[in-house]
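K.L.:
Protein sequence lines correspond, in order, to chains A and B. Quick note: the first sequence uses full-length UniProt numbering, first residue 1, plus one each step. Quick note: the second sequence uses full-length UniProt numbering, first residue 1, plus one each step.
Rather than coming from a laboratory, the hints here were simulated on the basis of the structure. For clarity, every value in this text was computed on a predicted model and none was experimentally measured. Built from N, CA and C at the ideal position, the CB exists for glycine as well. Please note that the accuracy of each hint is not assured.
Residues on chain A that point at chain B, a partial pick, calculated with CB under 10 Å [stated by the list, open to error]:
| no. | residue |
| --- | --- |
| 1 | T5 |
| 2 | P6 |
| 3 | L241 |
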Amino acid sequence: MTTLTPAPAGSTSRPTAAGGRLAALGRAELTLLLRSRATLVTAVLLPSVTAFAMRGMVKGLDLGGTGLSVATVMLPGALATALFFAVYTNLVGVYVVRREGLVLKRLRSGEVRDWEILVGSALPALAVAFVQSVLLAVGLTVFLDAAAPPAPHLVVLGLLLGMAMLVAGAALTAAFTRTAESAQLTFLPFLLVTMAASGVFAPRELLPDAAAEVADRLPFSPVMDLLRGGWTGDLGAVDQLRLTLLALVWTGVAVFAVHRRFRWGPRS
Amino acid sequence: MGNARATDTVIEVAGLRRSYGAYEAVRGIDLAVGRGELFALLGTNGAGKTSTLELLEGQAAPSAGQVRVLGRDPYRDRAAVRPRIGVMLQEGGFPMELTVAETARMWAGCTSGARPVTEALEIVRLAERRSVRVKQLSGGERRRLDLALALLGRPEVLFLDEPTTGLDAQSRRDTWELIRQLKDNGTTVVLTTHYLEEAEQLADRLAIMHGGMIASAGRVADVVAERPSRISFELPPGHFLGDLPPLAPLGVTGHEETGRSVRLETRDLQRTATGLLLWAADKDLQLRALDARSATLEEAFMHIAKDLEAAR
Numbered sequence: 001m002t003t004l005t006p007a008p009a010g011s012t013s014r015p016t017a018a019g020g021r022l023a024a025l026g027r028a029e030l031t032l033l034l035r036s037r038a039t040l041v042t043a044v045l046l047p048s049v050t051a052f053a054m055r056g057m058v059k060g061l062d063l064g065g066t067g068l069s070v071a072t073v074m075l076p077g078a079l080a081t082a083l084f085f086a087v088y089t090n091l092v093g094v095y096v097v098r099r100e101g102l103v104l105k106r107l108r109s110g111e112v113r114d115w116e117i118l119v120g121s122a123l124p125a126l127a128v129a130f131v132q133s134v135l136l137a138v139g140l141t142v143f144l145d146a147a148a149p150p151a152p153h154l155v156v157l158g159l160l161l162g163m164a165m166l167v168a169g170a171a172l173t174a175a176f177t178r179t180a181e182s183a184q185l186t187f188l189p190f191l192l193v194t195m196a197a198s199g200v201f202a203p204r205e206l207l208p209d210a211a212a213e214v215a216d217r218l219p220f221s222p223v224m225d226l227l228r229g230g231w232t233g234d235l236g237a238v239d240q241l242r243l244t245l246l247a248l249v250w251t252g253v254a255v256f257a258v259h260r261r262f263r264w265g266p267r268s
Numbered sequence: 001m002g003n004a005r006a007t008d009t010v011i012e013v014a015g016l017r018r019s020y021g022a023y024e025a026v027r028g029i030d031l032a033v034g035r036g037e038l039f040a041l042l043g044t045n046g047a048g049k050t051s052t053l054e055l056l057e058g059q060a061a062p063s064a065g066q067v068r069v070l071g072r073d074p075y076r077d078r079a080a081v082r083p084r085i086g087v088m089l090q091e092g093g094f095p096m097e098l099t100v101a102e103t104a105r106m107w108a109g110c111t112s113g114a115r116p117v118t119e120a121l122e123i124v125r126l127a128e129r130r131s132v133r134v135k136q137l138s139g140g141e142r143r144r145l146d147l148a149l150a151l152l153g154r155p156e157v158l159f160l161d162e163p164t165t166g167l168d169a170q171s172r173r174d175t176w177e178l179i180r181q182l183k184d185n186g187t188t189v190v191l192t193t194h195y196l197e198e199a200e201q202l203a204d205r206l207a208i209m210h211g212g213m214i215a216s217a218g219r220v221a222d223v224v225a226e227r228p229s230r231i232s233f234e235l236p237p238g239h240f241l242g243d244l245p246p247l248a249p250l251g252v253t254g255h256e257e258t259g260r261s262v263r264l265e266t267r268d269l270q271r272t273a274t275g276l277l278l279w280a281a282d283k284d285l286q287l288r289a290l291d292a293r294s295a296t297l298e299e300a301f302m303h304i305a306k307d308l309e310a311a312r
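Based on the sequences and whatever the hints tell you, model everything.
P.N.:
Here it is as C-alpha cells:
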C-alpha cells in the first residue's frame, strides 16, 4: 500500500503558493455563491434595480451650483451600490456563516494563512462587483446618454480602494455579528450612514456645511469622491492623493481592528 | 514515561498549559512521541484532550509551556510545520453545499504535495460518493471525508481528534485498519478517543487524561499492569473464606466476600490461580462461576477517573 507512505522527512514537495491557495478558496466560494439564489439576487440584481430606480430621485435633486449632472451623480452612485451589495453585505453573511459552520476553523487548521482565508473567500464577490460595475457604467452611460469618463483611472482607483475597504469592513462587521440571522441586520448601520452621508446618490454638497464637514471624513466619502472625479474630471493631483490616503487610512484601521477582533470560530 | 522514547522524537511537550479566561483546560502536560509511533490521548469528555491536541497542531498558543513538532513551534512556525502534518478536527467544518469532490479539491489546492483527489477519496472509500453534497452525507461519511483531507498531503505526523466517533462498527474497523497501515508505513499518529478499545487496538503508547492532566501514561500493558487481576468464584456450602490457604503467599492483595461469592485481587494471576485450584483439587471441591481475568484498560481507566474524582 505505497499510497499511504508519508512524504519523506523534511521534504517540501511542491509547496503551495498564496496564489494557488487563493484560487482554490475562491473557486469553492464561487461554487457556493452560484448555488445560493438569495445571495445571488442580493449581489447581482439589487444594485442594478437600485441604480435605475434612483434615477427619479436624482433628477429631483437641485444640483444647481454643485457643478454636477444627473450622470455624474448617478454613475458613481451606481458603482458604489454595486460595491456595497456585492461585496459588503454579501461578505458579512459569508464570513459569519462560514465561521458558525466551523469552516473558518477548519481552514485555519491547514496551510492557508489567515488573510488568505478572508481574501480568498471574497474573490467571487469582488469579481461580481467588478463585472457589475462595468455593466452598470456602460448601461447607464447609454441610458443617460452620458459622456465617457474623462479620468477613468480614478474610477478604477476608487473601485479598488472601495473593494479593499469593504472587504475589511465586512470582516469587521462579521466580528460583531453573532449569528447568521443577525448578519441580515448588522450590515445596515454602515450601509445606511454611507448611503445618507457619504454622497452615494445625494452629493454631500447638498448637506448643511457643518454636517458636510463631518461627512467628508467618513470612510466611504473619499471612495465616492474618487469615483465621481473620474466622471467630472475636475479632481486635482493633491486632492487625488489626499483622498487616496484617507481611504487607505480607514482601510488600515479596519484591517487592524479585524486583526485584533476577528473570531475564527463560534462562541462556545 | 521516558522509557519508551524513540531515538527520533517527533513531538515534544513540556509543562504545557492552556487557559480559557479563568478556566484552565490543560494543567501542565509533558509527553514525547517518537517517529512512527501511535500515541493515544484518552479521557472522558472535558478531560482536556482536544485542547491539548489543538496546541500540538498549532491552532492556538499555549498559555505556558513548550510544544515542539518536528523540531519547531507548531504555532509560531506554522508555515513550516503545517505542510508536514495532517489534521482531522473533531467537527467537520465543511460548506454544506459543496460536493465531496469539490471539498477535497479545495483542500488539495491549499495543501503542499497533495495526492490526487480521487486517490484520497478511494483511500477512505468515498470515491463513489464524490458528487454528493456534504449536507447529504451521513455522520460517518463526513468523518471519512475529514480523514481523507487529513491524508491529502501525505503527512509525516497525523493528528486525529476522535476519528471514529459516529462511525458504524464496520467503518470503525476499516478506519482502524487504515490507521494501522499508515503507522506501518512510518506515519506518526496522535489520536484522541474515548473508546478504550480503539486505544487498546491501535496505540503503542497512551496517556489517560483527567482534569487537564495526565493521570497515567505508558504502553497499554504498563497502564493496565498498574491495576490488579481478579479471580472470582462461589464456595460450596459449608466452606468459608477462612478455609482457603493463607492468601498473602498466593499473591492476593485484596479480597471480598459476598454471601457465597468470593473475589480476590492479585498482582500475580498465575500464582494465585494455581494455588487456588490446587487447593480445590486437594479438597475435591467444585468452584462454581469460576472466573479469572487480567485487568483491562477499561478498569484502569475507570479506576483513575474514580481516584481523581475522590481526590478533588
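K.L.:
Classify the hint on P6(A) as holds or violated, based on whether any CB of chain B lies nearer than 10 Å to its CB.
P.N.:
The hint holds - P6(A) has a Cβ within 10 Å of chain B, the shortest such distance being about 5 Å.
K.L.:
Return the status of the interface hint for L241(A): holds when the least beta-carbon distance to chain B is below 10 Å, violated otherwise.
P.N.:
violated, 36 Å
K.L.:
Would you check whether T5(A) satisfies its interface hint, that is, whether its CB is within less than 10 Å of any CB in chain B?
P.N.:
holds, 5 Å
The structure shown violates just one earlier hint, number 3.
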